[in-house]
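Let's have the full structure, built from the sequences with the hints guiding it.
Going by the numbering used here, 212 is the number at position 187 of the sequence shown; the sequence numbering is gapless.
One or more hints might be untrue.
Claimed, not checked - Derived DSSO-like pairs: lysine-lysine, alpha-carbon spacing no greater than 27 angstroms straight-line:
id	residue 1	residue 2
1	K69	K169
2	K69	K192
3	K137	K180
4	K191	K137
5	K192	K121
6	K79	K37
7	K153	K108
8	K28	K153
9	K137	K69
10	K175	K153
11	K121	K175
12	K54	K69
13	K121	K100
Derived by calculation from the structure, the hints in this document are not laboratory data.
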Amino acid sequence: MMKTVFVSGSRKISRLNQETRERLENIIKRGLEVIIGDANGSDKAVQSFFAERKYPHVTIYCTGNTCRNNVGAWKIHAVEANKNLSGRAFYTLKDKEMARNADVGMVLWDGKSTGSLNNILEMASQNKLVVVYFFPTREFIDVKTLDDAKVLLSKCEAKDLAEITKKSSLTSSLGKGEYSPKMLFGV
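This is the structure:
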């Protein structure tokens, strides 16, 4: 059975560097199934990478009936949403479904995006490995547990953590609420 990789990242990251390209090449070499969202930024950049290589094992997840981006014209997995939802709540539905359906994750994170952090924490709360490329330090960090996530967060700038805490609904995204933003971030 083919493993499924949930690839996501920050919308502010629109170009892939050599390190991230090499990891994506490894996904192709291993013939892994890729699920990815339809946002601009990292999603679109990764879609373009796989489209250039004509990689067939990609599924694009979108919320509602319309995908914002599907560069390779791959199959679509539409996630139903309540018509009253909008913004982050609307798009989080597809992210949660991708986290459930994936075996592992790869996140390209700028250290600021709450959506990308939610994806990391969602996977970690399910004890699924997420390989995070942390752009500020240009390093890969493995996150499989919420304790691993704390190590990752310790590398962030204090002002960015404070902003994430203000904007985030991390407690609800982690189910039981055992890990509040204050507990995770120390802010």
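Evaluated hints:
Of the pairs offered as hints, the one joining K69 and K169 holds, with about 25 angstroms between alpha carbons and a cut-off of 27 angstroms not exceeded. Of the supplied pair hints, the one linking K69 and K192 holds, its CA atoms being roughly 24 angstroms apart against a limit of 27 angstroms. Proximity of K137 to K180 is assessed by CA-CA distance (about 11 angstroms); at most 27 angstroms being required, the pair is judged to hold. The straight-line distance between the Cα atoms of K191 and K137 is roughly 12 angstroms, inside the 27 angstroms bound, and the hint therefore holds.
Of the pairs offered as hints, the one joining K192 and K121 holds, with about 18 angstroms between alpha carbons and a cut-off of 27 angstroms not exceeded. Pair hint K79 plus K37 holds up; C-alpha atoms about 25 angstroms apart against a cutoff of 27 angstroms. Restraint check: the Cα-Cα separation between K153 and K108 comes to about 31 angstroms, which exceeds 27 angstroms; the hinted pair is violated. Between K28 and K153 the CA atoms are separated by roughly 12 angstroms; this keeps the pair inside 27 angstroms, and the hint holds.
Restraint check for K137 and K69: satisfied, since their Cα atoms lie roughly 19 angstroms apart, inside the 27 angstroms limit. Restraint check for K175 and K153: the C-alpha separation of about 15 angstroms stays at or below 27 angstroms, so the hint holds. Annotation: proposed proximity of K121 to K175 holds, straight-line Cα distance about 20 angstroms (limit 27 angstroms). Of the supplied pair hints, the one linking K54 and K69 holds, its CA atoms being roughly 21 angstroms apart against a limit of 27 angstroms.
Taking the CA atoms of K121 and K100, the gap is about 19 angstroms. The hint holds against a cut of 27 angstroms.
Checked against the numbered hints listed earlier, the structure breaks hint 7 alone; every other hint is satisfied.
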